[in-house]
Amino acid sequence: MDEKHILTRARRGDVAAFEDLVRLYEKRVYAVALRSSGNPEDAADIVQEVFLRAWRSIESFRGDSGFSTWLFRITMNLCVDHARHRHAQPQTQPIVTDDETERPIPDTTPTPEEHLDNRELGRELAAALAEVSEEHRRIVLLRDVSGMSYTEIAEVLEISEGTVKSRLSRARIALRKVLLRRGNLLPVVPSNPSKGGGDA
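Residues in the sequence shown are numbered consecutively from 95, following the numbering used here.
Don't read these hints as lab results, they were simulated from the structure.
Please note that a few of the clues may not be correct.
What the hints assert, rightly or not - Distance ranges between label pairs, derived from CB positions: (1) Ser154 / Thr257: 41 to 49 Å; (2) Gln142 / Arg264: 30 to 38 Å; (3) Arg117 / Ser260: 32 to 40 Å; (4) Thr102 / Asp238: 43 to 51 Å; (5) Arg103 / Arg147: 17 to 25 Å; (6) Arg270 / Gly107: 21 to 29 Å; (7) Arg276 / Ser159: 31 to 39 Å; (8) Ser260 / Val109: 18 to 26 Å; (9) Glu225 / Ala110: 40 to 48 Å; (10) Asp96 / Ile253: 23 to 31 Å; (11) Glu135 / His99: 15 to 23 Å.
This structure is a prediction, so every number in the text was calculated from the model and none was measured.
Beta carbons are placed, not taken as given, at the ideal position from N, Cα and C, and that holds for glycine.
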């Protein structure tokens with residue numbers, strides 16, 4: 095499937111071609127939205143809005159950067175907007191509800207225990223990401239959730255690759271500190287060479 099050809103057709107208003115682009119990127123966009131929001135329903139809303147905005151603007155997409163770069167720029171902006179709105183509003187419902195075990199997130203594996211663990215992990219990671227700076231949150235989502243290369247991230251954020259690497263390093267340190275404080279990550283205990291190898 096030639097993405098450039100599909101994109102050319104989509105820019106001419108071909109709905110079927112745009113749907114092909116949606117299929118190519120929706121899982122990656124959803125992964126970023128889910129880790130950012132910590133909520134499957136909110137993530138689905140973000141994904142829908144991302145592609146709606148992309149469709150409305152695709153005719154004006156000039157191709158100065160890659161389509162994925164442009165699309166993830168839209169995604170990051172919407173994730174940030176959603177986070178700001180969420181933190182500005184009082185919580186209208188608890189994070190954990192009585193029927194939580196009946197609401198599995200997409201693409202999880204079969205057992206109820208695994209469903210619950212994945213939801214809790216997603217919520218905790220989203221909560222931790224909400225505590226780091228917007229700058230750090232963006233770069234962790236793009237690299238560690240979406241799997242973008244340093245070059246792609248540099249294009250999305252319009253910074254140098256060197257800045258991407260140093261910012262990512264600082265972001266991971268900041269996120270690790272938050273996870274440790276929240277009790278969701280065990281500290282690394284250095285081995286003690288003086289004890290010797292009793293289990294050789």
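Status of the hints after comparison with the structure:
A beta carbon spacing of about 28 Å between Ser154 and Thr257 contradicts the range 41 to 49 Å that was offered as a hint. About 33 Å separates the C-beta atoms of Gln142 and Arg264, a value consistent with the hinted range of 30 to 38 Å. The hinted window of 32 to 40 Å between Arg117 and Ser260 holds, with their beta carbons roughly 35 Å apart. For Thr102 paired with Asp238, a C-beta distance near 32 Å fails the hint of 43 to 51 Å.
Between Arg103 and Arg147 the beta carbon distance is about 19 Å. The supplied range of 17 to 25 Å therefore holds. For Arg270 and Gly107, the hinted distance range of 21 to 29 Å is not satisfied, since their beta carbons lie about 47 Å from each other. Evaluation of the 31 to 39 Å hint for Arg276 and Ser159 yields a pass: the beta carbon distance comes to about 36 Å. Distance hint for Ser260 and Val109: a CB-CB separation of about 42 Å, inconsistent with the stated range 18 to 26 Å.
The hinted window of 40 to 48 Å between Glu225 and Ala110 holds, with their beta carbons roughly 42 Å apart. Roughly 30 Å separates the CB atoms of Asp96 and Ile253, a value that falls within the hinted 23 to 31 Å. Between Glu135 and His99, the C-beta spacing of about 35 Å breaks the proposed range 15 to 23 Å.
Hints 1, 4, 6, 8, 11, counting from the list given before, are not met by this structure.
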